[in-house]
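Visitor: Starting from the given sequences, assemble the full structure and let the hints guide the process.
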Amino acid sequence: MANPRVKMKNAKIILGSSSMARRKILAEMGYDFTIMTADIDEKSIRKEKPEDLVVALAEAKADALISRLGIAGHKEENARPTLLITADTVVVYEGTIREKPSSKEEARHFVKGYSGGCAIVVGSVVVTNLTTGIKKRGWDRSEVYFHDIPDEAIDKLVDEGVTLNVAGGLMLEHPLTAPFVDTVATMTLGLINANPIVREKKERITRTDAHLHCDDHEAVDPLDIYDILSIFQFLVRDIRDPEHPYSLEQLSVLSEESITVDEKLGRILISFTPTIQHCSMATVIGLCLRVKLKDCFPPHFKVDIKVAPGSHADEAAVNKQLNDKERIVAAMENPNLRHLVDECLHSSEL
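For the sequence shown, counting from 1, position 51 maps to 51 in my numbering; every step adds exactly one.
Treat the hints with caution; some may be incorrect.
Here are the simulated BS3-like pairs of lysine-lysine, each with C-alpha atoms no more than 27 angstroms apart in a straight line [to be verified]:
{"#": "1", "residue 1": "K135", "residue 2": "K12"}
{"#": "2", "residue 1": "K112", "residue 2": "K294"}
{"#": "3", "residue 1": "K43", "residue 2": "K136"}
{"#": "4", "residue 1": "K24", "residue 2": "K201"}
{"#": "5", "residue 1": "K136", "residue 2": "K47"}
{"#": "6", "residue 1": "K201", "residue 2": "K306"}
{"#": "7", "residue 1": "K100", "residue 2": "K24"}
{"#": "8", "residue 1": "K320", "residue 2": "K292"}
{"#": "9", "residue 1": "K325", "residue 2": "K112"}
{"#": "10", "residue 1": "K100", "residue 2": "K112"}
{"#": "11", "residue 1": "K264", "residue 2": "K320"}
{"#": "12", "residue 1": "K156", "residue 2": "K100"}
{"#": "13", "residue 1": "K43", "residue 2": "K135"}
{"#": "14", "residue 1": "K49", "residue 2": "K112"}
{"#": "15", "residue 1": "K43", "residue 2": "K12"}
{"#": "16", "residue 1": "K100", "residue 2": "K136"}
{"#": "17", "residue 1": "K43", "residue 2": "K112"}
{"#": "18", "residue 1": "K100", "residue 2": "K49"}
{"#": "19", "residue 1": "K302", "residue 2": "K320"}
{"#": "20", "residue 1": "K292", "residue 2": "K302"}
{"#": "21", "residue 1": "K264", "residue 2": "K302"}
{"#": "22", "residue 1": "K24", "residue 2": "K135"}
{"#": "23", "residue 1": "K24", "residue 2": "K12"}
{"#": "24", "residue 1": "K104", "residue 2": "K43"}
{"#": "25", "residue 1": "K47", "residue 2": "K12"}
{"#": "26", "residue 1": "K294", "residue 2": "K264"}
{"#": "27", "residue 1": "K264", "residue 2": "K306"}
{"#": "28", "residue 1": "K47", "residue 2": "K104"}
{"#": "29", "residue 1": "K294", "residue 2": "K306"}
{"#": "30", "residue 1": "K135", "residue 2": "K49"}
{"#": "31", "residue 1": "K306", "residue 2": "K325"}
{"#": "32", "residue 1": "K49", "residue 2": "K136"}
{"#": "33", "residue 1": "K294", "residue 2": "K201"}
{"#": "34", "residue 1": "K100", "residue 2": "K43"}
{"#": "35", "residue 1": "K156", "residue 2": "K104"}
{"#": "36", "residue 1": "K292", "residue 2": "K264"}
So the derived label-pair ranges between C-beta atoms look like this [claimed, not checked]:
{"#": "37", "residue 1": "G95", "residue 2": "K294", "range": "18 to 26 angstroms"}
{"#": "38", "residue 1": "R199", "residue 2": "P150", "range": "45 to 53 angstroms"}
{"#": "39", "residue 1": "L265", "residue 2": "R23", "range": "49 to 57 angstroms"}
{"#": "40", "residue 1": "I25", "residue 2": "G117", "range": "38 to 46 angstroms"}
By construction, these hints were calculated from the structure, which means they are not laboratory data. Backbone N, C-alpha and C define an ideal beta-carbon position, used for all residues, glycine too.
Guide: Set out below in structure tokens:
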């Protein structure tokens, strides 16, 4: 299979952004690029959902730059590609979308609000092949949890003026901000592992004494369900992977060995193994397991869901997200994420 990185190396890249962070990302990846900035009225573009807003703004930036470049048509597909990359970011705090602060006072108010709390960063990227006209777009959403930020650190950050140039006044990589970041849990809707190893499904063991479905939202008798084989066979093996039309069993994300049951303590531990170390779908997989199992056990049962030790680069952050009730509720309030989880749970005929 062709290496997409080689194709990128042969392409001319235009970064349609003045963001230092975006410049740094491309430079660290080894790409040569030129910079253009789009002059658009961002305030004239309004969307109710932050995901829709950042994509619309990135699209508008791309359209403005294409117009400035005077591109009226497209060349043949095998010509050397020119890629235009545009992006946008907003911060959501307590349900309100925040863009760049309008003053130092507003920036101080923004950052002070994050102290000891949580902010949601929503970002988009639109890549336009100016040679073929093909356009790809996507967005991601990160929940950022903060330690308490001292007032003196906030004052120094605001006085530097950098907060006026970034969405929500929030620059996570800044040396005055980074020490106070607790965890970052990212949920990305996009293809992360294009070529996973797919294994054949094992033969299903027929069970006639119990139908282990939880659709009626009534707790199942634990005597019927808390053996490892039943949990795997009848509850979790057919959950579809968020990226691919295969089950978690087929991708070796889950197996019977992934499940531990302690009948005396009423505790069930499910550990899963993402297909790659940097899989940003790990949180989605864990949420699928959490939602699938939430109505299947009596209230006194404790279900822990974790990534297998050493299987993910952000193991601690993912595990914290998946076992924190408030974070789970907040994540499932995202309609796009909820739809993705529902799709994975209801696609059992693979």
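Visitor: Next, verify each hint and record whether it holds.
Guide: Now for the hints, and whether the structure bears them out:
no.	hint	result
1	K135 <-> K12	holds (15 angstroms)
2	K112 <-> K294	violated (36 angstroms)
3	K43 <-> K136	holds (24 angstroms)
4	K24 <-> K201	violated (44 angstroms)
5	K136 <-> K47	holds (20 angstroms)
6	K201 <-> K306	holds (23 angstroms)
7	K100 <-> K24	holds (20 angstroms)
8	K320 <-> K292	holds (19 angstroms)
9	K325 <-> K112	holds (25 angstroms)
10	K100 <-> K112	holds (15 angstroms)
11	K264 <-> K320	holds (25 angstroms)
12	K156 <-> K100	holds (18 angstroms)
13	K43 <-> K135	holds (24 angstroms)
14	K49 <-> K112	holds (24 angstroms)
15	K43 <-> K12	violated (31 angstroms)
16	K100 <-> K136	holds (26 angstroms)
17	K43 <-> K112	holds (24 angstroms)
18	K100 <-> K49	holds (17 angstroms)
19	K302 <-> K320	holds (15 angstroms)
20	K292 <-> K302	holds (14 angstroms)
21	K264 <-> K302	holds (12 angstroms)
22	K24 <-> K135	holds (23 angstroms)
23	K24 <-> K12	holds (17 angstroms)
24	K104 <-> K43	holds (19 angstroms)
25	K47 <-> K12	violated (32 angstroms)
26	K294 <-> K264	holds (20 angstroms)
27	K264 <-> K306	holds (21 angstroms)
28	K47 <-> K104	holds (26 angstroms)
29	K294 <-> K306	holds (15 angstroms)
30	K135 <-> K49	holds (22 angstroms)
31	K306 <-> K325	holds (14 angstroms)
32	K49 <-> K136	holds (20 angstroms)
33	K294 <-> K201	holds (25 angstroms)
34	K100 <-> K43	holds (11 angstroms)
35	K156 <-> K104	holds (11 angstroms)
36	K292 <-> K264	holds (23 angstroms)
37	G95 <-> K294: 18 to 26 angstroms	holds (24 angstroms)
38	R199 <-> P150: 45 to 53 angstroms	holds (52 angstroms)
39	L265 <-> R23: 49 to 57 angstroms	holds (52 angstroms)
40	I25 <-> G117: 38 to 46 angstroms	violated (27 angstroms)
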